Amino acid sequence: MDDYLVRVIAEDKNILGLACVTTHLVDQARQRHGTYPTATAALGRALTGGGLLGALLDPGQRVALKFAGNGPLGKIVVEAEGDGTVRGYVEQPQVDLPPRNGKLDVGGALGRQGFLTVSKDLRLKEPYNGIVKLYTGEIASDIAYYLTESEQVPSAVGLGVFVEPDGRVSSSGGFLIQSLPPADEALIETLARRIEALPPVTTQLRDGRKPEDILSAVFEGIECRTIEKRGISFCCSCSRARVEQALITLGRRQVEEIIQGKEVFDITCHFCNRTHVFTRDHLKRLVSEMH
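Position one of the sequence shown corresponds to residue 13 (my numbering), numbered consecutively onward.
Check the hints yourself; a few may be wrong.
[Said to hold, decoys possible] Derived pair list, reagent style DSBU-like, types lysine-lysine, alpha-carbon separation capped at 30 Å:
1) 241 - 132
2) 78 - 132
3) 296 - 25
[Unchecked claim] Each pair of labels, with its calculated beta carbon distance range:
4) 268 - 110: 45 to 51 Å
5) 299 - 114: 55 to 61 Å
6) 72 - 46: 31 to 37 Å
Please keep in mind that the hints were generated in silico from the structure rather than gathered at the bench. Every value quoted in this text rests on a predicted model; they were computed, and no experiment measured them. Glycine residues also receive a C-beta, built at the ideal position from the N, C-alpha and C atoms.
Start from the sequences, fold in the hints, and give me the full structure.
Okay, structure coming up:
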């Protein structure tokens, strides 16, 4: 199944629903960053959650999530664009904890004390920033808590990543259900009970269900229409030209110090782990341009 996202709306009931499959996206991130199973699950959930939030934006807009907990993973950083592309990394990718209740211990790896920071670049004068304390460290509930507390939009989030014994990601996806104003409290309770009764996201995907099927189970008996279906993928915005611009912002003196220290200078992108290599001669030309 190719990675994609579906968005539906129950217009009469003011309920928005999104669901996606992100198996290839998350496995690509695993390969790029060399993550161990628990780190893979944590990063995969964050990437999927970021993709769901990014789908709420317009093309050209961006959302960034930073999970900073007191666990061994350190921080997880994800960026998602309004066009369906996502990228991200985990500070300590080689973290793998013993299972907890038969599942990968993402909450223990991230930690249950810390903060989730969400920044939105809506192409306005100033970006929007919101911050909440980590709710459980399980990623999905933390995102739902942020949306409900910081943005005042009651939300339910489900995320899952299934990691095979060989480390490969065989199933990944998630859903986001939001109640838009004016809220129908009785319907919210009904949807909450349905969501609570659903099997885990990865179980549904491994059983052959698609994002449309997940939404159909949530919205059973509620008239809704599909407003979007599109691809979602791992894609980094880094490039050699952007790295050059970053070097220029360091200033002439600092680049000259780099030239004195090495024949070859390389910079690795945190988000995609791609390395950009610059020779001393190239950096000398860059310094000349600064002059």
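Against the structure, the hints:
Note on residue 241 and residue 132: the hinted pairing holds, with a Cα-Cα distance of about 23 Å set against a maximum of 30 Å. Between the alpha carbons of residue 78 and residue 132 the distance comes to roughly 12 Å, so the proposed pair stays at or under 30 Å and holds. This hinted pair does not check out: residue 296 and residue 25 have alpha carbons roughly 62 Å apart, beyond 30 Å. Range check, residue 268 to residue 110: about 50 Å between beta-carbon atoms, so the 45 to 51 Å window is met.
Distance hint check: the CB atoms of residue 299 and residue 114 are about 57 Å apart, consistent with the given range 55 to 61 Å. Our hint of 31 to 37 Å for residue 72 and residue 46 holds, since their Cβ atoms are close to 32 Å apart.
Checked against the numbered hints listed earlier, the structure breaks hint 3 alone; every other hint is satisfied.
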